[in-house]
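Student: Protein chains in written order, with my numbering: chain A, 1 to 166; chain B, 167 to 439.
Hint data in this document are derived by calculation from the structure and do not stem from the laboratory.
Take the hints with a grain of salt, since some may be wrong.
[As the list claims (entries may be wrong)] If you want the footprint, here are the derived chain A segments under chain B, 3+ residues with CB under 8 Å:
id : stretch
1  : 39-49
2  : 64-74
3  : 128-138
Predicted, not measured: the structure shown is a model, and the values here were computed from it.
In this text, a Cβ means the ideal position worked out from N, Cα and C, and glycines have one as well.
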Amino acid sequence: MMASIIRIKVNGTKKRVEVEPRELLVDVIRDKLGLVGTKVGCETSNCGACTVIVDGRAVKSCTMFAVQADGKEITTVEGLSKDGELHPIQKAFVEKHGMQCGFCTSGMLMTAYWLLNNRRNPNDGEIKRHFSGNLCRCTGYQDIIESVKHASRLMYPKEEQIEVSQ
Amino acid sequence: MVSSYGEGGKILAGGQSLIPLLKSRLFAVPHLIDIGRIEGMRGVTEDKKEIHIGPLTTISEIESDKVVREHLPALGDASSVIADPLIRNAGTVGGNVCHGDPSNDIPAVMHVLGANFVLEKTGDRRISDVENFFVDTLQTDVRSGEILTGIVIPNPPERSGSAYLKAEKRAGDFSLAGVAVYLELGKGETVSKLKIALTSSGPKVMAVDGLYAIIHGNTLSPDVMGRICKRASSVSRPVDDVHGTAEYKRNVVSMLTGDAIKIALDRAKGGRR
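Only chain A is shown next, with the shape it has when bound in the complex:
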């Protein structure tokens, strides 16, 4: 099958990439663009380690062909920090230790980025529901939930924070 050219905007930069129709978005992101922050975990749409933002919505890049992303805007974990400064979500995960081995972390960060761009102060129940497609196999999820809540405070300091669960 002939390769095709896709045009995508990745972390704000326009890219023209030659891909085979069968290539998955995650493989193009990692192998052709060299952005290896996005991880390949289960490859079966379960774990969410490959989560990236496509046109404003968090999706699993292992379950999307690169050609399906043609013309779209993609944000990967590398797109979060600006000028060497960590994004508030990254700071929050560091400060609340929302990780252990770190393999799931970039996916967690991207789901948090999607959630917090759409909802400024999610409660525990909303966070749990939004993260049901991101698995962490090291430890519990409590520090991750705390990190997301902390990130919400860092991103939107003036918002009234709701602390009730569910």
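Assemble chain B onto chain A, guided by the hints.
Tutor: The following block gives chain B in isolation, referenced to the frame of chain A:
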């Protein structure tokens, strides 16, 4: 294009069912035809008689759609429990239906809401009703060369309600069972119409028949509710597997049926359709 490839081409919408199937080598096809960017096949619109759903509307868009939430709450319920939010962001309502998986949640909802499916190919357009659309496991009435271009659902009348519930072992799993309910209230507290369909309970979506005889002229008394739940669980044909025994799953169907009817009833009484 779809016609020219015939059996050698498979339509790709959101890819959330198809891509895992291809990866696992359970399915292979020479050509995939990506219809994902046909803008005219997205979105939900309503008129007095009908609600039109573009098959490429994502599950997330359905989940948060105002028309769906107000008029087709069972579809909203189902959309919020499919897989996980990341998959819902990419998966489409048309894909969920056309995949024909008896564990997919939308088909049961389409059944109780009486959906019609618009199937088009070059120079031809036909309607497949929900009774005929779901043929068997992974088989639907979509024929070679055809694309599902629209889903049309009658706009439910006042004093009607719908609900969808499912039980799963872990978040994101396919369900042990799922139950869709649609009902209309008649005079007083009587139920004039009741439709129930089941997910993960047979080779395809299972419609529960024989309900009219049970509800005819009756209110939903505990006795009538018991008979409805028993009927639903007797129609279900689950199999023993790692998720549970068939007997257990039939009990789950019975329990979910009762709970879903209560929610649909509340919605019908509250004026919320």
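Student: So which of those numbered hints doesn't the model satisfy?
Tutor: Failing hints: none at all.
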